[in-house]
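Asker: Chains A and B supply the protein sequences, listed in that same order.
Just so we're aligned, residue 1 is where the first sequence starts under this note's numbering, counting upward by one.
Just so we're aligned, residue 1001 is where the second sequence starts under this note's numbering, counting upward by one.
For the record, the hints were derived by calculation from the structure and aren't laboratory data.
Errors might be hidden in some of the hints.
[As the list claims (entries may be wrong)] Here are the in silico distance ranges between beta carbons for each label pair:
| # | chain 1 | residue 1 | chain 2 | residue 2 | range |
| --- | --- | --- | --- | --- | --- |
| 1 | A | Ser76 | B | Ser1097 | 42 to 50 Å |
| 2 | A | Lys59 | B | Asp1018 | 47 to 55 Å |
| 3 | B | Gln1189 | A | Leu15 | 27 to 35 Å |
Built from N, CA and C at the ideal position, the CB exists for glycine as well.
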Amino acid sequence: MLAALRHNQPEHSVLPPLLYFPLAPAAELKEQFIRIATGIGSVVHTADTFEGALELLQKTLQPGQKVLSTLPELSSDGFIYPGKDQDPHIYADLDVAVFKPLVAVAENSALWITEEQLIVRALPFITQHIYMLVDVSVLVGDMHEASRITGLKSQEYGFGTYIAGPSKTADIEQSLVLGAHGPRSMTIFLYGSGT
Amino acid sequence: MEAGKQTHPELAGGFNADEQRVDWHDETLWWIRQKRDKAAHGIPEWELLRETASQIKNNVLSGLADYLENFEARALENGIKVHWAADAAAHNQIVYSILKEKEVTQLVKSKSMLTEECHLNTFLEEKGISVIDSDLGERIVQLAKEPPSHIVLPCIHKKKEEIGELFHEHLGTAAGESDPQVLTEAARQHLREVFLTSKAALTGVNFAIAETGEFVVCTNEGNADLGAHLADVHIASMGIEKIIPERAHLGVFLRLLTRSATGQPITTYSSHFKKPAPGQEIHLILVDNGRTEHMGREDFRASLKCIRCGACMNTCPVYRRSGGHSYHYTISGPIGAILAPNLDRKKYADLPFASTLCGSCSNVCPVKIDIHQQLYKWRQVIVQEGHADLAKKVSMKGMSLLLSSPNAYRIAGKSGRWLLRHAPFAMNNKFNPWYKQREMPSPPEQSFSEWYKKMKK
Ligand code: SF4
Chain A
1 MLAALRHNQP
11 EHSVLPPLLY
21 FPLAPAAELK
31 EQFIRIATGI
41 GSVVHTADTF
51 EGALELLQKT
61 LQPGQKVLST
71 LPELSSDGFI
81 YPGKDQDPHI
91 YADLDVAVFK
101 PLVAVAENSA
111 LWITEEQLIV
121 RALPFITQHI
131 YMLVDVSVLV
141 GDMHEASRIT
151 GLKSQEYGFG
161 TYIAGPSKTA
171 DIEQSLVLGA
181 HGPRSMTIFL
191 YGSGT
Chain B
1001 MEAGKQTHPE
1011 LAGGFNADEQ
1021 RVDWHDETLW
1031 WIRQKRDKAA
1041 HGIPEWELLR
1051 ETASQIKNNV
1061 LSGLADYLEN
1071 FEARALENGI
1081 KVHWAADAAA
1091 HNQIVYSILK
1101 EKEVTQLVKS
1111 KSMLTEECHL
1121 NTFLEEKGIS
1131 VIDSDLGERI
1141 VQLAKEPPSH
1151 IVLPCIHKKK
1161 EEIGELFHEH
1171 LGTAAGESDP
1181 QVLTEAARQH
1191 LREVFLTSKA
1201 ALTGVNFAIA
1211 ETGEFVVCTN
1221 EGNADLGAHL
1231 ADVHIASMGI
1241 EKIIPERAHL
1251 GVFLRLLTRS
1261 ATGQPITTYS
1271 SHFKKPAPGQ
1281 EIHLILVDNG
1291 RTEHMGREDF
1301 RASLKCIRCG
1311 ACMNTCPVYR
1321 RSGGHSYHYT
1331 ISGPIGAILA
1341 PNLDRKKYAD
1351 LPFASTLCGS
1361 CSNVCPVKID
1371 IHQQLYKWRQ
1381 VIVQEGHADL
1391 AKKVSMKGMS
1401 LLLSSPNAYR
1411 IAGKSGRWLL
1421 RHAPFAMNNK
1431 FNPWYKQREM
1441 PSPPEQSFSE
1451 WYKKMKK
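Turn these sequences into a full structure, and let the hints guide you.
Answerer: Written as structure tokens, this is what we have:
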């Protein structure tokens, strides 16, 4: 198969240079991120500090909800902490999952998260609602920069995903419905000053 | 396909019988096209992105064999099991043997045009394995026992009332219920159950990275991930052309794909599968099915650059007003019309003629495939190879339209006899009556229906 392919391929064509665009100032990135995240159906709260964000987060939780978090800071207080190698099916009735993504992209509000923060891969998809704690300092402008950072050897992963907003579909007459198969909502807690 | 021997003009004629539906279909797709424009205009470097993506894909085509070898080696290192399938039958057999070994009787599938191309569902069902499409649009057409009519929007041709009826029959929703929110919720509940009980999941692949051996799957619904992460076995099927060289190139494609497709800044999920989770298996099937042969056709190989965004369909005046099923091939619209003749020139001789050659497809294509030029070239090949019986019939009828409009009269004077005799549509765009289409929201109503009426006769 490959011999025939080799024979049929066109002459060598060079790769273009990688694209790079200068980073906008932090305040601009933040404004753009919030605008786009809101535009695709996420709810965004802002706080000055991580502690402030946690406080806001606690307030939005409702009694009786089954809540999970992989953040060490939230390892007590009724938060479930997932175990490695657990069968994901046990989380079929999960209400809220809280994560802290590694990179946030201003141009499309995508949040990059890998297996290391997920522990169990199915979690951000199986949960009914997803909460994201985002440090302003992990904001980048575009997907070129995001691809570069998330591709670094130091960022090795077995599974990683960009998540932008709640799951959605418009397959029925192009009417947008949030909550297709994955989370019905995404709430982002954006904190810090970006320095 | 079920459509049998009917040609595009005949099938389009059927679709055109319901004028209101045609208008609705046309407007819906044009609305999506406009969302695409808005998203594209929001990116100052859009044209640079397209050019870069095009050049990366040119490089991929020129070095595909090496890239595939590299990709395979990295993927194996990562613990992914790699299979090669020369054709659709081999692909289906591989899927079946994996499922059989694991004694799996239910497969949950996310969107994969490749498995449609291979007719995997029917094959597996004959072997007693039930296949459940989990993308909402695909599930809807599956319940309706129809093929998808669009590569990104599989049930774009269906009205919500029709979907309501299907759901009433199959999922037990209330009779007469047609609210998209309610219907989507019903599908969510139904498919949750499927995700939770399936031991095997099959997904498509949007991009496979030669440098790292990982592959990327993009969805809005989260269905690919739910299926894959809840199953013991994840099978991913990809055409060999899905390769990109380096991970750093991914940014270019993720920026272009969804903006071109639906005008969203990115899909909700862009998942990178590099290694199987502990206790899980990932099988990746690399499928040729005519691609190597296609690569050998200098004039047509550029269509292998396609990233399946669907923009060329949404913008196409003929697609919008004839519907995806009229193309009687898995992939419809302009891109389908240049891919299909590669597999069977006789069977699909009519498709390259299902175009006005207005060039709108080439203008929106994020990887700059010269779609309308390939359509023109296919017409010549088809005529030369003697599959022209049908083609000529179609093109002569098209000509009568051209001659019926004053605009076209001018063309007749200016272009040579040969063109008029053999390929009346193949004229310099400047003289093409559809030329306006590039900038205008909808085709001149009158002449289009006239055109189809004449084609139908
Ligand atoms: S040919 Fe171009 S526009 Fe059409 S689906 Fe492929 S990538 Fe998109």
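Asker: Does the Cβ-Cβ separation between serine 76 of chain A and serine 1097 of chain B fall within 42 to 50 Å?
Answerer: Hint holds: Cβ distance 49 Å, inside 42 to 50 Å.
Asker: Regarding glutamine 1189 of chain B and leucine 15 of chain A, is the given constraint of 27 to 35 Å on their beta-carbon distance met?
Answerer: For glutamine 1189 of chain B and leucine 15 of chain A the Cβ distance comes to about 47 Å; the hint is violated.
Asker: Kindly confirm whether 47 to 55 Å is satisfied by the beta carbon distance between lysine 59 of chain A and aspartate 1018 of chain B.
Answerer: Distance hint for lysine 59 of chain A, aspartate 1018 of chain B holds at roughly 53 Å.
Hint check: a violation occurs at hint 3 only; the rest are consistent with the structure.
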